[in-house]
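Q: Single-letter residue listing:
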Amino acid sequence: MELTSPTDFAKDIVQSVQDYSLLAGRSLANLFRHPRYFADMIQQADLIGVGSLPIVVLTGTFTGAVLALNSAHTLERFGSLSLIGQLVSVGMVTELGPVLTGLMVAGRNSSGMASEIGSMVVTEQIDAMRALGTDPTKKLVTPRVISTVFMLFFLTIISDFVGLVGGGIVATLMFRIDAHQYWSSAWQVLVFQDVFTGLMKPVLFGFIIATVGCYYGISARGGTQGVGRATTQAVVASSVLIIAVDFFATRLILSVFGYR
Amino acid sequence: MAAPPTAVESSLRTAEQRQSAVIVFEDVSIAFESNSVLNGISFQLNRGETKAIFGIAGAGKSTILKLAMGLVKPDSGRIYVLGEDVTTMSEEALFELRRNIGIVFQESALFDSLTVRENVAFRLMEEHDVSDEEIERRVREALSFVELEHTVDMFPSELSGGMRRRVAIARAIITHPEILLYDSPTGGLDPVTSTTIIQLIVKQRDVFKTSSLLVTHRLQDAFIMASHYFDRNTNEMRPLPRGARGEVPMTFLVLREGKIIFDGDAHELAHSKDEYIREYIS
Numbered sequence: 004m005e006l007t008s009p010t011d012f013a014k015d016i017v018q019s020v021q022d023y024s025l026l027a028g029r030s031l032a033n034l035f036r037h038p039r040y041f042a043d044m045i046q047q048a049d050l051i052g053v054g055s056l057p058i059v060v061l062t063g064t065f066t067g068a069v070l071a072l073n074s075a076h077t078l079e080r081f082g083s084l085s086l087i088g089q090l091v092s093v094g095m096v097t098e099l100g101p102v103l104t105g106l107m108v109a110g111r112n113s114s115g116m117a118s119e120i121g122s123m124v125v126t127e128q129i130d131a132m133r134a135l136g137t138d139p140t141k142k143l144v145t146p147r148v149i150s151t152v153f154m155l156f157f158l159t160i161i162s163d164f165v166g167l168v169g170g171g172i173v174a175t176l177m178f179r180i181d182a183h184q185y186w187s188s189a190w191q192v193l194v195f196q197d198v199f200t201g202l203m204k205p206v207l208f209g210f211i212i213a214t215v216g217c218y219y220g221i222s223a224r225g226g227t228q229g230v231g232r233a234t235t236q237a238v239v240a241s242s243v244l245i246i247a248v249d250f251f252a253t254r255l256i257l258s259v260f261g262y263r
Numbered sequence: 003m004a005a006p007p008t009a010v011e012s013s014l015r016t017a018e019q020r021q022s023a024v025i026v027f028e029d030v031s032i033a034f035e036s037n038s039v040l041n042g043i044s045f046q047l048n049r050g051e052t053k054a055i056f057g058i059a060g061a062g063k064s065t066i067l068k069l070a071m072g073l074v075k076p077d078s079g080r081i082y083v084l085g086e087d088v089t090t091m092s093e094e095a096l097f098e099l100r101r102n103i104g105i106v107f108q109e110s111a112l113f114d115s116l117t118v119r120e121n122v123a124f125r126l127m128e129e130h131d132v133s134d135e136e137i138e139r140r141v142r143e144a145l146s147f148v149e150l151e152h153t154v155d156m157f158p159s160e161l162s163g164g165m166r167r168r169v170a171i172a173r174a175i176i177t178h179p180e181i182l183l184y185d186s187p188t189g190g191l192d193p194v195t196s197t198t199i200i201q202l203i204v205k206q207r208d209v210f211k212t213s214s215l216l217v218t219h220r221l222q223d224a225f226i227m228a229s230h231y232f233d234r235n236t237n238e239m240r241p242l243p244r245g246a247r248g249e250v251p252m253t254f255l256v257l258r259e260g261k262i263i264f265d266g267d268a269h270e271l272a273h274s275k276d277e278y279i280r281e282y283i284s
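Those sequence lines, one after another, are chains A and B.
Under our numbering, the first residue of the first sequence is numbered 4, with each subsequent residue one higher.
Under our numbering, the first residue of the second sequence is numbered 3, with each subsequent residue one higher.
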């Protein structure tokens with residue numbers, strides 16, 4: 004295996020960051036340029052949104068249920084079992100709903116975008132598209148970015164809701180908490196800051212998932228092996244970025260709104 | 003003896019040459035990482051001319067086509083296509099220019115998630131101002147030219163290699179471009195299918211007289227093109243009478259180690275004294 008010098012390695016990283024930033028910027032700038040591919044956006048929204056619905060519902064439900072299960076044991080020791088709804092609600096809406104939905108969609112769609120676009124690169128379909136007078140960033144990247152941002156927003160809301168349902172099932176069936184009390188405390192504890200945090204994050208995560216997936220797809224080199232590598236890198240990079248951005252976004256929101 | 007041309011006269015002559023030519027390469031060099039592929043090559047493709055580019059694998063034949071399309075930029079030199087300097091154009095401006103150029107890629111590069119109809123109509127559908135009836139009519143016309151009308155609803159994966167090349171030709175010619183670029187259109191095909199593809203290229207050349215660059219490593223393909231014409235009455239390719247030249251000028255360009263070692267017609271190529279060329283054509 005050929006060794007890369009530290010200088011070349013650093014140059015490659017800077018080049019990758021630059022290329023990614025340009026692609027991400029262009030994907031948004033294309034919104035203000037003709038032509039706009041609405042049909043492709045709807046098709047992608049169906050693939051990303053409807054296609055991801057089963058895994059998001061399952062993940063959300065079981066996460067809410069396990070959150071209720073774990074917190075119930077601790078709350079029981081302090082005789083505060085009635086607070087279970089509040090814990091599940093704040094946990095799901097501000098953190099677990101957006102992050103887990105983001106990670107699920109990243110695993111499913113970031114890899115899908117990288118492999119689909121990567122295959123098009125290695126079979127010269129992207130070159131053919133450019134040769135036929137069509138901008139691949141307009142036709143392929145922008146519809147995926149817009150659809151992912153839009154659908155992840157709603158998938159997160161669904162995930163939050165089914166998480167609360169899962170938590171509610173555990174609280175009522177296993178810990179005999181009144182369903183009305185559970186839902187009232189879950190609803191009343193939420194403040195604007197929680198809802199804003201929970202709905203801002205999927206917008207950022209959706210943008211990361213689509214741009215990272217498309218970037219690794221467009222950068223794919225080296226035949227089918229290169230496509231496989233791009234797919235893995237897309238999932239790893241988008242997942243790590245989601246978790247890192249989650250920390251910084253939470254920190255930013257807390258500094259703007261202050262702690263609860 | 004006439005006085006040598008002044009700088010102004012030379013520049014005017016160069017401008018005139020560029021106008022008569024559809025593609026002009028001026029001292030073009032390109033390297034990928036540390037590997038020099040083309041090293042200061044200059045040639046031009048005149049309007050209505052067909053030029054076949056030869057060279058061994060890795061000689062930079064396909065790179066010439068990608069440079070002409072503006073898909074890659076040279077490290078140095080100028081490339082003029084239809085009078086425009088593609089080396090300085092933005093990608094957005096290049097999209098407009100490329101609408102006048104058709105290209106057939108080495109492995110066809112058909113969009114595998116689209117049907118044959120959608121592949122062939124891709125360029126028209128992207129123009130957004132052509133009616134569905136007009137698109138259907140032109141798709142049928144292009145597919146009938148390559149005799150593949152029956153494949154209109156099939157996907158590329160359902161076609162043979164030769165059929166995919168023919169669909170790629172239909173996609174390239176649907177807008178009747180001013181320039182056609184063929185990247186090894188017969189590569190990897192059996193002799194019978196190769197002849198079918200060459201017959202289609204000859205038909206396109208003689209019927210529409212489109213300026214073309216043809217990249218190939220199969221010398222026999224280019225010699226067939228130089229020695230045959232398309233008979234519209236019989237709808238077949240026929241050999242030219244001995245000593246006769248075709249309606250459309252056909253020239254050859256040979257690449258070796260990043261440089262052009264030959265640029266001339268079939269007669270000059272056959273009588274070249276260059277050892278490498280003699281070995282190549284033998």
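Calculated from the structure, these hints are not laboratory results.
Treat the hints with care, as some may be off.
Claimed, not checked - Below, computed lysine-lysine pairings styled on BS3-like, alpha-carbon distance capped at 30 Å:
| no. | chain 1 | residue 1 | chain 2 | residue 2 |
| --- | --- | --- | --- | --- |
| 1 | A | Lys14 | B | Lys211 |
| 2 | B | Lys261 | B | Lys211 |
| 3 | A | Lys142 | B | Lys275 |
| 4 | B | Lys211 | B | Lys75 |
| 5 | B | Lys261 | B | Lys275 |
| 6 | B | Lys75 | B | Lys261 |
Q: Quick check: which numbered hints come out false for this structure?
A: Failing hints, ascending: 1 and 3.
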